[in-house]
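Residue numbers (the working numbering), protein chains in the order written: chain B, 59 to 586; chain W, 5 to 311.
Just so you know, the hints here were simulated from the structure itself, not pulled from any lab data.
Beta carbons are placed, not taken as given, at the ideal position from N, Cα and C, and that holds for glycine.
Warning: the hint list may mix true and false statements.
[What the hints assert, rightly or not] Now the in silico label distances, taken between C-beta atoms and shown as ranges:
#1 A310(B) x Y221(W): 44 to 50 Å
#2 G311(B) x R307(W): 57 to 63 Å
#3 S238(W) x L462(B): 39 to 45 Å
[Unchecked claim] Counterexamples of contact, computed for chain W against chain B with all Cβ distances above 12 Å:
#4 Q61
#5 I118
#6 A215
#7 N294
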Amino acid sequence: MKVQFSLKSWLIGCSLIAMTTTGAFAEVIYNRGNSADPESLDPHKTSTVYEANILRDLFMGLMIQDAKAQVQPGAAESFTVSADGKTYTFKMRKGALWSDGSPVTADDFVYSWRRLVDPATASEYAYMLAPVTNAEDITAGKKKPEELAVKAIDPETFEVTLNAPTPYFLEMLTHQSTYPVSKANIDKLGADFVKAGKLVSNGAYVLTEFVPNDHIKAVKNDKFYDAANVKIDVVNFIPTEDRSTAMKRFEAGELDSNDDLPTEQLADLKAKFGDQIHIGPYLGTYYYAFKIDKAPWDNVKLRQAISEAIDRDYLAEKVWQNTMIPAYSFVPPGITGYETRTTDYAEKSQLDREDEAKKVLAELGYGPDKPLKMEIRFNTSENHKNTAVAIQEQLKPLGIEVSLVNTDTKTHYGLLEQHGDFDIARAGWIADYKDPENFLALCKTGTGNNYAAYSNKEYDDLMAAAAAAATPEERMKLLSDAEAIGVARDLCVVPLLYYSYHNLVSNKVKGWENNVMDVHPTRFLAKE
Amino acid sequence: MLRYVLRRFLTAIPTLFVIVTISFFLMRVAPGGPFNQEKGLNPIIKANLERVFHLDQPLWKQYLLYLNNLIHGDFGPSYNLPDFTVAELFADGLPISIELGGSALVLALLFGGILGIIAALYQNRPADYAVIATATAGSTIPTFVIAPLFQLFFALTLKWFPVGGWGDGAFINKVGPVLTLMLPQLAIVARLMRGSMIESLRSHHIRTARALGLSDYSVIIKHALRGALLPIISYAGPAAAALLTGSIIVETIFSIPGVGRYFVEAALNRDYTLVMGTVVVIAIFTIVFNLIVDILYAVVDPRVRYD
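My request is simple: use the sequences and hints to build the entire structure.
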């Protein structure tokens with residue numbers, strides 16, 4: 059017995075030494091380049107993609123997106139939907155804990171969702187709960203947060219009532235604004251609850267350090283229900299505003315991935331990094347908007363002629379080095395069950411399009427004697443400028459005299475939001491959730507982002523009909539019809555390019571799945 | 005002297021007040037606001053945000069509120085980084101910018117000064133030409149060229165230093181940014197020192213000192229250098245105020261968490277409170293360093309007296 063014991067200890071000792079020297083016990087650290095620092099780490103005050111990348115690791119909503127951006131149960135283990143599609147009942151995940159060890163309950167979601175829609179929180183993404191009964195009235199100050207149609211039937215059961223069946227509701231619940239926050243944490247610390255080392259969260263990681271403009275450190279949350287399958291111990295989010303520096307830091311091994319590339323250097327980068335560069339379609343659209351309530355841009359034939367003459371292939375290839383994809387619809391491809399509706403010249407050759415455009419302009423009385431003058435407004439960015447310059451050149455042969463106005467982002471969007479005076483202006487839209495409605499709502503009468511001031515009853519009716527559609531198929535068909543009218547026929551937006559994601563990911567990082575939402579939760583990744 | 009310093013500090017208060025007032029209203033003249041962005045906000049949500057940050061109040065009320073907070077040492081929360089107050093952002097970043105800028109300035113004064121003296125002593129000889137050539141190159145190559153070259157050569161090729169990052173203040177992380185900040189300053193100091201030293205060496209009191217048979221060391225260091233220091237001091241004051249409050253280019257390229265980037269970023273983001281905080285900090289640094297320059301004048305130049 060004695061001999062056996064000492065042999066066992068010797069074996070354990072040896073294996074321990076071997077494991078330490080081979081690094082089996084070494085902490086796995088993932089240095090993740092993230093274009094910018096978060097504005098806020100309070101899920102109810104966030105608005106940017108950079109924040110989403112961090113919060114997705116720190117928190118867990120009722121539903122989550124997996125490595126392929128597919129919706130899966132998160133803080134809720136399962137759910138049921140009532141026959142009328144208006145009531146969702148979520149069963150909370152057994153064993154799900156906050157990082158302070160307390161259980162995540164239905165009451166946490168009641169508290170958090172009320173906080174999200176409360177006007178005092180002033181959440182930019184309060185509208186993510188717009189489908190929930192009374193949510194919009196609460197945000198507008200017409201009702202009290204307690205009147206939000208959510209309730210905790212018991213600590214394990216959370217019930218939500220919606221205004222109407224909302225097929226994309228589960229998709230919306232993956233958005234960071236719907237994440238829960240710990241009431242006890244906020245009651246104790248007030249606004250300081252978001253500080254590193256104090257933030258109580260329910261995700262796979264816990265926030266331990268935040269040095270603005272340097273790094274955000276999150277370490278594996280031992281209380282996380284699936285901690286056994288989380289392979290990366292520490293994730294450092296490193297803001298990489300200077301993309302050229304980010305490339306050098308990646309090359310030097312200081313970064314394991316970065317969520318952006320200096321696209322103008324793409325050819326060199328491809329030669330250097332090979333298959334570590336990931337480029338693919340992303341759910342976002344780069345577009346121009348005409349000021350439709352101002353002559354002559356109220357003339358749809360004129361709008362179509364100009365749109366038709368813009369060579370999108372050239373923009374994608376030459377200006378954006380194929381990091382963008384030519385677009386003829388507002389809703390990008392990639393949404394299951396939805397048929398995008400493109401403008402009717404999408405399939406024609408550029409030469410034919412130019413001939414047609416010239417004919418229309420001549421019909422409308424424009425020509426060398428009466429040139430059409432158009433001002434393109436865009437916000438400061440080398441690529442936005444190059445795009446506008448290319449379009450200026452493309453429209454010149456048609457006798458259109460294009461002038462360019464470049465202003466900083468705040469001035470640009472300040473003017474658009476106030477429906478100031480302009481001819482045509484640049485804008486972009488990145489989907490919050492994977493549904494065509496997220497794009498098409500922009501063209502509804504009176505929507506905040508409807509910069510063109512497009513207003514068409516037929517379009518609004520189709521959108522309303524889609525919202526009330528009985529089946530998902532019928533809904534998608536109605537949305538598609540709406541796009542055919544609002545976008546393809548009337549050009550409430552002039553789609554130019556679909557965005558693409560462009561990530562640089564080290565071969566050491568495993569489990570990285572490219573997807574249209576460009577979502578890559580660290581808990582599903584591993585590092586060699 | 006003490007009375008003079010006290011008087012200068014008292015006159016700084018109305019100066020600061022005027023700077024704050026002008027900046028406050030100028031900032032609001034700029035079109036757009038902190039909550040204009042690519043994803044435009046629903047008017048109700050925007051109104052909620054404006055109410056939370058008191059932007060729904062008349063401008064004069066906002067101004068009085070800001071002044072009142074400022075007097076109580078409260079710079080307010082940053083609009084674009086609401087997890088932090090402006091004071092917290094400066095508390096985190098300013099020591100880093102001061103450390104980098106201060107090191108660069110001290111090194112530039114020391115080595116620039118020595119190079120300038122050598123050039124002056126060996127005027128129109130190879131040593132002088134070498135210093136002038138280096139100084140001209142140093143002051144004409146912009147930092148946004150020096151910094152990436154440093155990264156390429158010393159970090160990526162030789163692997164002596166990291167490409168970027170603060171690394172919790174590790175020495176090797178500071179070398180690149182300090183050298184990049186230092187080089188243009190060193191060039192300017194060397195040229196200034198050379199010019200003023202040549203002039204000083206030609207002056208009557210130096211000729212007298214030499215005629216009296218004083219040693220070279222005594223002539224150059226004790227007498228000529230003292231006179232030659234005045235232009236350097238005049239230059240170093242404003243340069244210190246600029247260097248210690250950070251450089252957006254160097255901090256961005258080397259990923260340094262200083263405060264240099266806040267001035268430009270805050271203005272572009274219409275982050276009113278952060279802009280005002282930056283204005284106040286830079287104003288205070290400028291006032292203080294101008295005062296230091298004036299005091300040093302009195303120390304160095306026997307003709308200057310403040311009492």
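Numbers of the earlier hints that this structure fails to satisfy, in rising order: none
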